[in-house]
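Trainee: Protein sequence lines, in the order shown, are assigned to chains A and B.
If you number the first sequence the way our numbering does, the last residue is 430 and the count never jumps.
If you number the second sequence the way our numbering does, the last residue is 1465 and the count never jumps.
FYI, nobody ran anything at the bench for these hints, they're computed from the structure.
Keep in mind that this is a model prediction, so the values were computed, not measured.
Even glycine gets a Cβ: it sits at the ideal position worked out from N, Cα and C.
Hints are supplied without guarantee of correctness; some may be wrong.
With the C-beta cut set under 7 Å, the calculated list includes, among others, these residues of chain B facing chain A [unchecked claim]:
1. A1092
2. V1113
3. S1301
4. I1306
5. T1308
Rough simulated footprint, nothing fancy, chain B against chain A, three-plus residues with beta-carbon under 8 Å [unchecked claim]:
6. 283-296
7. 397-404
Pulled a few chain A residues facing chain B out of the computed Cβ check, cut under 10 Å [said to hold, decoys possible]:
8. A311
9. G312
10. S323
11. A329
One-letter residues, chain by chain:
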Amino acid sequence: MMRGLVLGIIAVGIGFGQVTAQEFTAEQPILLTSAGQSADVLMVKVMLERNKLQFTFDKLATAAQLAGNKTLVLVAGGSSKGLGAAKVDPKQEMERIAALIAGAKKEGMKIIAVHVGGEARRGSMSDPFNKTAAEGADCLVVLKSGDQDQFFTKIANARKIPFYGVDKITDAVAVFGRLFAGQRPQ
Amino acid sequence: MRGSTGHRVFGAVLLLGALCGAWTAAREFRLMRVEEPLYPGPGVTAVRTLSEYAPRLCGSGLDTEVYVLDSGRPGGTVLVMGGTHPNEPAGFVAAVVVLECAQVRQGRLLVVPRANKSGFSCTDPGEGMPARFAVETEHGARWFRLGSRFTNWVHQWPDPLVYVHFPSGQRLSGAETRNLNRAFPGRRHGSPTERLAHALVQLVRAEGVDLVVDLHESAPEYPVNNAVIAHERASEVAAIATLRLQEEGLSFNLEPSPYTFHGLTHREIGDHTEALALLLETANPMQGRLRGEGVPEVVVGGLDRCYLRAATIRNKTVLRVPYDAGGLPLAERVGRHTAALLALLGAFSELHPDRPVEVSGLPDYHALRERGLGGYLRGESYSEAHGLTTTPLHTEETP
């Protein structure tokens, strides 16, 4: 029993180590959009600007806009105000995200899902968008306060994709800098 | 005959009791019209009235002070509004802290701490709210009114069955006709609340305001909390400010102003003027449906036993903000507002280097948390010692 438990812990540790140590780099230009219409996408826009990255921003981007881009950045998190402002309902938004992910995979693009809204962007309003974006992504950048129940960590481990947890939202600025500079974030 | 005398005595006692009750209630009602004294700090260079921008407001009971803090150096102009909803004390008190502490180094601040002054003259009927609360300061206790979300019925009555917003035609419940934050952009010949909204829009236009920041609070269970709500033209300023706040360790959400919900400051001032319009929300445990006793201690201390219980049930998902035995003290909520205002000023100046606004002396969240609200509110002794003017205009009776 004890032997099995120890082996299990080692196996999980090795698996996690593989995920975090995996090299992941992304290329420009980037198509930046929202997954759930939260305004967090605006903060990620500022982060990309601070890194002087080449990107196109459209919070309602469609698969037709993928052409010419090499990376899709999805900023996950639902907002009823945001959906109302964009005049879309959750079902339409989910269909748009699914089509974008499918289109990006078809084009051979990298997909980065970002969740920087913390605890406020979890729950019944946000989690369907969070799940769809994370399950379609090749890499996750997540503010740790939004992953206290390991919602994103579990998806990353299950799919064996890199997971970059940040303590502060501003730490994500450096993560983006390194992802697009070809250097693995610390 | 004896029975008849007994009835008369009993009737007289009842009548006397009723009169005493009515007198007490009437006195309390009238006391709400006594304005809390404000002590403008050394940064205030002029005090105007809103009716200077819309003369029809004069004598309506809705006219209010506009404090000008002018550096004398060219830069941007920022309007800070508190008391749009007088039942949201952190927004009001934060505006008071700005006018009493801030010194503008470049550009101008305009501060309207009691945007809906009529709402300060009554409480919300049936809500069991305290009429006042006090804050201990280094200069003695300061008292403030906890008013109503709406314009006083004394100044605007009756309510229609349905409130039709001008100019959108949006329909809301009748009481919303007295809600200033559903009345923008207002109209010159409209209801008193619409005239007030129109006057504030006129102020924004006449003074060439670049940035409007409206300070609010909401119930802890409301989904938009500890938030910056931005008109789309103000979204970049808001995004940079939110990042700055996160750098300081303050969690704020960024929310877009809905296109289709009309009458709000951020939507209508953003749509109808050149200014960038934003609204700030903090969580007020005296405001929600889950609250317990309506006592001044909860207003100031922010600890409500019912919210404390609500924070522990249903996997802690009932409330939208962290809530524990420390409560949400007024000082922290005011600190959130001042910190967000400083971050917004910084972001605005970063994006508009030709129109910077630089302010000193304004405490941030950490300063207010450490020193307390009382450390940043002035008093009569301070004003006398520094030769400063005291407002308000009516202090004949102190509760």
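Trainee: All the hints need checking, so say for each whether the structure fits it.
Mentor: Hints and how they fare:
Nearest Cβ of chain A to the Cβ of B:A1092: about 43 Å, over the 7 Å cut. The hint is violated. Contact between B:V1113 and chain A, as hinted, is not supported at the beta carbon level, the nearest pair being about 36 Å apart and thus beyond 7 Å. Residue-level restraint check for B:S1301 holds (minimum Cβ-Cβ distance to chain A is 5 Å; threshold 7 Å). At a threshold of 7 Å, the smallest CB-CB gap from B:I1306 to chain A is about 6 Å, leaving the interface hint in force.
Interface hint status for B:T1308: upheld, as the beta-carbon distance to the closest one in chain A is roughly 6 Å, under 7 Å. Only residues whose beta carbon comes within less than 8 Å of a beta carbon in chain B count, and the stretch 283-296 of chain A has 7; three or more means the coverage holds. Three residues within the 8 Å Cβ limit are the bar, and the stretch 397-404 of chain A against chain B gives 0, so the coverage statement is violated. The criterion of a C-beta within 10 Å of any C-beta in chain B is not met by A:A311, whose closest approach is roughly 27 Å, and the hint is violated.
A cut of 10 Å between beta carbons decides the hint on A:G312: the least distance to chain B is about 25 Å, and the hint is violated. Because the beta carbon of A:S323 sits about 6 Å from the nearest beta carbon in chain B, less than 10 Å, this interface hint is met. Among the interface hints, the one on A:A329 holds; its C-beta lies about 5 Å from the nearest C-beta in chain B, closer than the 10 Å criterion.
Violated hints, in rising order: 1, 2, 7, 8, 9; the structure is consistent with all others.
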